Amino acid sequence: MKRVTRKKIVQALGFLALRAAMGLVLAVLFLFLYDIGSKGAGSISWEFLSKAPRKGMTAGGIFPAIFGTFLVTVITAFLAVPLGMSAAIYLNEYAKQTRLTRLIRLSIRNLSGVPSIVYGLFGVILFVNIMSFGTSILSAGLTLGLMTLPWTITASEEALKTVPNAYREGALALGATKWQMIRTNVLPYSVPGMLTGTVLGLARAAGETAPILFTGAAFFLPFLPRSLGDQFMALPYHLYIMATQHHAILQVRPLAYGTALVLIVLVLGLNMTAVIVRYRLRRKQR
Amino acid sequence: MNSAETAIKIRTRDLDFYYGAARALKKVSVDCHDRKVTAIIGPSGCGKSTFIRTLNRMNDVIAGTRVDGEILIDGQNINAPEVDVVELRRRVGMVFQKPNPFPKSIYDNIAYGLRINGMRDRRKLEETVEKSLRGAALWDEVKDRLDENAFALSGGQQQRLCIARSLAVEPEVILFDEPCSAIDPIATAKVEDLIERLKSTYTVVIVTHNMQQAARVSDYTAFMMLGELVEFDQTEKIFTNPANKLTEDYITGRFG
Amino acid sequence: MRKKRRSGLKESAIKAFFFTSGILAVLVLLGIFLTLVATSFPAFREIKLGEFFLNTRWDPTSPEKAEYGLLSMIMSTLMVTAGALVLAVPIGIGVAAYLSDVAHWRVREILKPVVEILAGIPSVVVGFIGIVLFGPAIAKVFHIGNGLNALNGSILLAIMALPTIISISEDSLNAVPRAYSEASLALGASRWQTLVRVKLPAGLSGIIAAVMLGMGRAIGETMTVLMATGNARSFPHGFLEAVRTMTANIAIELGEVPYYTTHYYALFAIGLVLFVMTFAVNLIADVVLNKYQEREQ
Chain A
1 MKRVTRKKIV QALGFLALRA AMGLVLAVLF LFLYDIGSKG AGSISWEFLS
51 KAPRKGMTAG GIFPAIFGTF LVTVITAFLA VPLGMSAAIY LNEYAKQTRL
101 TRLIRLSIRN LSGVPSIVYG LFGVILFVNI MSFGTSILSA GLTLGLMTLP
151 WTITASEEAL KTVPNAYREG ALALGATKWQ MIRTNVLPYS VPGMLTGTVL
201 GLARAAGETA PILFTGAAFF LPFLPRSLGD QFMALPYHLY IMATQHHAIL
251 QVRPLAYGTA LVLIVLVLGL NMTAVIVRYR LRRKQR
Chain B
1 MNSAETAIKI RTRDLDFYYG AARALKKVSV DCHDRKVTAI IGPSGCGKST
51 FIRTLNRMND VIAGTRVDGE ILIDGQNINA PEVDVVELRR RVGMVFQKPN
101 PFPKSIYDNI AYGLRINGMR DRRKLEETVE KSLRGAALWD EVKDRLDENA
151 FALSGGQQQR LCIARSLAVE PEVILFDEPC SAIDPIATAK VEDLIERLKS
201 TYTVVIVTHN MQQAARVSDY TAFMMLGELV EFDQTEKIFT NPANKLTEDY
251 ITGRFG
Chain C
1 MRKKRRSGLK ESAIKAFFFT SGILAVLVLL GIFLTLVATS FPAFREIKLG
51 EFFLNTRWDP TSPEKAEYGL LSMIMSTLMV TAGALVLAVP IGIGVAAYLS
101 DVAHWRVREI LKPVVEILAG IPSVVVGFIG IVLFGPAIAK VFHIGNGLNA
151 LNGSILLAIM ALPTIISISE DSLNAVPRAY SEASLALGAS RWQTLVRVKL
201 PAGLSGIIAA VMLGMGRAIG ETMTVLMATG NARSFPHGFL EAVRTMTANI
251 AIELGEVPYY TTHYYALFAI GLVLFVMTFA VNLIADVVLN KYQEREQ
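Chains as they are written, first to last, in the numbering used here: chain A, 1 to 286; chain B, 1 to 256; chain C, 1 to 297.
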């Protein structure tokens, strides 16, 4: 009997430790959100969201940064979403188990592990210099697009995998060509999942700073970008500036908090929408 | 019944099939007569499903497979390089083990094959859908709810829907891969009646693990074991006076 | 039998299109590597490889003698990463074990997306928290002037590596065949004993892969360490010192360096070192993970 109670005590303590680990992670998350939420809320006003910075960025708003992040994310999406989806279609619908396929998969997994600053370096050479896009929205967006590509491929392939093989065989057995089968009997059931997955990737890209540092993000611009060849202000870069590079860091701290809050609401808002939609979709498919 | 009465629609000669290095079919030679039902029976893993899937080249979609030998349909080798596999599959329909309706309406399920083959005319579509559903003895049960999702149907109805779906593209041959293994006995009886009726128009090949079913619905029976054809003859002969001892053991239930 | 239709051509074209998208991943990876190699190469006309890797002094803009020693930064990166793993691995595995073996499934369904939220917080925001929250806290606890140091960076990187470690470890624990744990439970082992002695060892390779992937993320992370570690260029001697990682150094200097100078090329050489390090770590994770998936099949 004694051994049994010992066993129970050990288990209780062990599980307690696991619960504590979970609790710690939740506490950290809560701390993050609470600190930024409570201290950032005071800075949020219509002016903050709709006006440009004033007085050497010690007053005014962050609208150019919001607008810039929006534009650059659109470029990112233009590159990463269609390419990610079609690469996923190739891998899941066409590719056979060959050495080349394994190489493609290996490359995708390794691409998602390449540091974001390295993407930045690559963007400087490829887009800014070789393609002569200069430091611009276009260069930054394409750099982020390449970084997002492995995520959108993986997410899209996951969505394709949820389509039962019976749909594919059924279509083929009726005399559908491969592409007819994909277009009419695979994509309609996987595109919603693909899109939610890619939104997750885009949300992450929108919050990234390192890849845009040298490819197009600007410290401060008195006007909004007028073309894709212009430099731009971006929310994450603006937060970095306000938190570390500003000449009156403590004075502008409330503005930095406000920027952080807007960024987090934007990114997590996109994120959560996608996560919720995805969970719904999965449940529906079961 | 005399085999000379009807033409031979499908003829396989020394058919070999490999999954990678594993040989799943060994020199299988079977003749399937036009407008007759040919049943393929045998214990699990004997290659009967593999065999039937070679007839519409459904195995093409499995990586690392290889076919040797000949499959002739109307005298044409279906594995010849100039053969369009898509057209082949339209001509040789298939009904799968598990009912696999698409997550579309009943109507769209039937119309699917027509649309991918380029039919756009609404009236023609409607006519063919009705004709196919009647052909599969499902029309009366679903005519008032063609817009409902096909998943709302019972298992047996789903299987007949899949049969109707194959009929819609006007195939010449219909392959049934254990069509009743996932549905209940009453639904099974309906599908068997249907097969009986279909053979007036189509060449039917059916794989089944149920010997009574083979005896009930088929005109010819092939008995397979371990990838080899053990015996092939008229069904009556196989079930009353098998030539091979293995066949006798199997049909009398000594193994399998 | 009708001959092949014209559609055959169209089908091939479509397949070729998708194949091009697929092969792009290989080209991008190769492109990144070759670009880094090509752009770093000119740096070594002036810098000796030995100096680059073994010298601790990095001072490219010195008026007397420019120095290009990477060792301090490599050490800083490794130190901050090691610190992050010491914190993140036990907590991450603990959370994974909690989610897979302790939590009620309803609780798990709620907590898993919550952990994903953590993964969604932009690194610049994490760095900001390092400045405004953890920095002052560390300064207070250790009675030092400011809390922007290696410890701060480690804590933040641990937080960032956690979601990766948690989700992959949990997957690998869930992939342990139910029969194993049932066998253990049937022998009278407690759930805790089953977890520790059966499930964790059985899922070990997946957990190792998770740790490697988390490590890759920590090595390559830029903004958080840039903001929270103080960026001093000296050789690191302890966790309470300010350090400058390789990533942070690129971020700091690339904006100011004149193009096509040795300094410029040297920054790309740092990028190449980073690329190779993370590539190696990810490759190991990949090999470990593959082995374990093969065994599962």
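Don't take each hint at face value.
[Said to hold, decoys possible] From chain B, some residues computed to sit far from chain A (all C-beta separations above 12 Å):
1. E87
2. N100
3. N117
4. E178
5. I186
6. M211
[What the hints assert, rightly or not] Simulated coverage check for chain A against chain B, where a stretch passes if three residues somewhere in it have a Cβ under 8 Å from a Cβ of chain B:
7. 165–172
8. 183–191
I should point out that these hints are in silico values taken from the structure, not numbers from a laboratory.
Being a predicted model, the structure only gives us computed values, none of them experimental.
Glycine included, each C-beta is placed from N, C-alpha and C at the ideal position.
(message) Output the indices of the hints that this structure fails to meet, ascending.
(response) 1, 2, 3
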